[in-house]
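Could you put together the complete structure from these sequences and hints?
From first to last, the protein sequence lines are chains A and B.
Each residue of the first sequence is one higher than the one before, starting from 109 at the first, in my numbering.
Each residue of the second sequence is one higher than the one before, starting from 2 at the first, in my numbering.
There may be inaccurate statements among the hints.
[Stated by the list, open to error] Restricting the straight-line Cα-Cα distance to at most 20 Å, the calculated cross-link-like pairs of lysine to any residue (SDA-like) are: (1) B:Lys45 <-> B:Ser97; (2) A:Lys151 <-> B:Thr109; (3) B:Lys48 <-> A:Val201; (4) A:Lys151 <-> B:Asp88; (5) B:Lys56 <-> B:Gly80; (6) A:Lys173 <-> B:Ser97; (7) A:Lys151 <-> B:Thr6; (8) B:Lys107 <-> A:Gly152; (9) A:Lys165 <-> A:Thr136; (10) A:Lys184 <-> A:Tyr140; (11) A:Lys173 <-> A:Pro122; (12) B:Lys48 <-> A:Val113.
For the record, the hints were derived by calculation from the structure and aren't laboratory data.
Being a predicted model, the structure only gives us computed values, none of them experimental.
The residues making up each chain are set out below.
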Amino acid sequence: QVQLVESGGGVVQPGGSLRLSCAASGFTFSSYGMHWVRQAPGKGLEWVAFIRYDGSKKYDADSVKGRFTISRDNSKNTLYLQMNSLRAEDTAVYYCAKDGPGWYIDYWGQGALVTVSS
Amino acid sequence: QSALTQPRSVSGSPGQSVTISCTGTSSDVGGYNYVSWYQHHPGKAPKLMIYDVSKRPSGVPDRFSGSKSGNTASLTISGLQAEDEADYHCCSFAGSYTWVFGGGTKLTVL
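As structure tokens, this is what we get:
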């Protein structure tokens, strides 16, 4: 069964950096694109970034462009999100998610909480 | 990349049907037949319920159905059950490898 386990969340000061990791298992990681999606307190889900199966192309939301970088290591079945210049509005639960065989997400992790606060 | 519009909350009694709407634009919902819906119990991983507007993944009860008209997609849950109480989120492909979600709808089973 597909398992996605996020780690690396925590409390960071405004302007600081944090790197999230997502360990994937139960499927051929190197064959699928992967997403990061976040949910701020009391808000809906927000798509953050997508990386193609081989890491050749990356795409991200305007709200994080230039600050967040998605990457992957297919030899370690691991997805990453490097977050720099963090702001209070980046406070959210960050979900790692697997791309489906079409234009949708089919599996999600349980999320990692990131709190940006002084 | 504006969020899709969903009602904040809907409710229904056991056995009844409810419909949750998801309104976007011609650049997302109206432009592609790639709307998906997710059920989310707080503290758990979201679960895919509908993809490609109206397709159900294996294991999702046929009480859940999806449709689309113009820039608005809908999720209908018939024969409401207590365990259906959750947050529901719509999502649409928006072109150029970008996606947009709705604000989420809290379903209460009375």
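Exercise for review: Hint by hint, work out which the structure violates, then give me just those numbers in ascending order.
Suggested key: 1
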